[in-house]
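Chemist: Heads up, the sequence shown is in my numbering, so the first residue is 13 and it goes up one at a time.
Take these hints with a grain of salt, some might be off.
BS3-like cross-link-like pairs, simulated, lysine-lysine; straight-line CA separation at most 27 Å [to be verified]: (1) K126 / K193; (2) K208 / K235; (3) K82 / K134; (4) K218 / K106; (5) K235 / K172; (6) K235 / K138; (7) K208 / K193; (8) K227 / K138; (9) K235 / K178; (10) K226 / K138; (11) K92 / K126; (12) K108 / K139; (13) K108 / K208; (14) K231 / K126; (15) K162 / K231; (16) K162 / K193; (17) K226 / K139; (18) K235 / K218.
Honestly, the hints are just simulated from the structure, not real lab data.
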Amino acid sequence: MCFFIVVLASGLKILKHSYKSLDEKKTLENKFLQTKLELKEQELKFLKMQIHPHFLFNSLNTIYGFAITKADEAPEMILKLSNLLDYILYQVEKPKVLLVEEVNHLEDYIALEKMRFHDTLKVSFKKENINEEVQIPPMLLIPFVENSFKHGFAANGILKVDIHLKIDANYLFFEIENSSKEKEDISAGIGLENIKKRLEMLYPKKHQLEIIAKKDAFKVSLKIEF
13 MCFFIVVLAS GLKILKHSYK SLDEKKTLEN KFLQTKLELK EQELKFLKMQ IHPHFLFNSL
73 NTIYGFAITK ADEAPEMILK LSNLLDYILY QVEKPKVLLV EEVNHLEDYI ALEKMRFHDT
133 LKVSFKKENI NEEVQIPPML LIPFVENSFK HGFAANGILK VDIHLKIDAN YLFFEIENSS
193 KEKEDISAGI GLENIKKRLE MLYPKKHQLE IIAKKDAFKV SLKIEF
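The task is simple: from the sequences and hints, build the whole structure.
Modeler: Below is the structure:
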């Protein structure tokens, strides 16, 4: 009888311990999910802070000017802006998009800026090994390009922007350089700070971001391990 009571007591103790362990596990899982949700919300906050309304207003003003003069560029510009807005407004909540989609919208963005700047903008966009399978978080690269146009300086009347995007094995390499004013330091600007924070959240210890302010140029180099 005593043996039965000992066995029963031991069984109840084990059951209680198991229940407590399950409860603790559930609590940890809930905390993990909550933290994940908070990180996602924070990431979207950083992302939305990078969308500068001045670009939209400038583009709309240019389209308005084209429409008044009935320029042939107006329909194309409206289509590119519409595609870009769709990407900015509706694709940002996706965890990943195809790299080719980001590249397409980068090209739309550049085309819009070329129409706006006319002959005062010279852009080189070199792409290597861009395949159909690589995925990245949405709007990962566009803020760097927007930053170049926003803070770039037209030396001798021409704003120069050179972009290089390359996929090599399990790495993404992205470089962008623009002409800038001498001694102008924009490396600590709000836009770049938000980009840094987002990269830390998305690729902790799996990315390298280098910002170089030269005498008459500003360069950003990014390396990401997939």
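Chemist: K235 and K172 were given as a pair; does the straight-line alpha-carbon distance stay at or below 27 Å?
Modeler: 22 Å, holds
Chemist: Does the alpha-carbon distance linking K108 and K208 stay inside the 27 Å limit?
Modeler: Distance of about 18 Å is within 27 Å: holds.
Chemist: Just to be careful, I want the Cα atoms of K218 and K106 compared with a cutoff of 27 Å; is the pair within it?
Modeler: Within the cut-off at roughly 21 Å; holds.
Chemist: Hey, K92 versus K126, does the alpha-carbon distance stay inside 27 Å?
Modeler: 12 Å, holds
Chemist: Does K139 sit within 27 Å of K108, going by the straight-line distance between their CA atoms?
Modeler: OK: K108 and K139 at ~20 Å, within 27 Å.
Chemist: Taking only the CA atoms, is the gap from K235 to K178 under or equal to 27 Å?
Modeler: 10 Å, holds
Chemist: Need the status of pair K226, K139: alpha-carbon distance at most 27 Å?
Modeler: This hinted pair holds, its Cα atoms lying about 24 Å apart.
Chemist: Holds or violated: are the alpha carbons of K208 and K193 at most 27 Å from each other?
Modeler: OK: K208 and K193 at ~23 Å, within 27 Å.
Chemist: K231 and K126: Cα distance at most 27 Å?
Modeler: Measuring from Cα to Cα gives roughly 20 Å; hence the hint holds.
Chemist: Between K235 and K138, does the CA-CA distance stay at or below 27 Å?
Modeler: 16 Å, holds
Chemist: Given the proposed pairing of K162 with K193, does the C-alpha separation stay at or below 27 Å?
Modeler: 13 Å, holds
Chemist: Would the hint linking K82 and K134 be met if the CA-CA limit is 27 Å?
Modeler: Given pair K82, K134 holds - Cα atoms ~25 Å apart, limit 27 Å.
Going down the numbered hints, you'll see the structure goes against none, and every one checks out.
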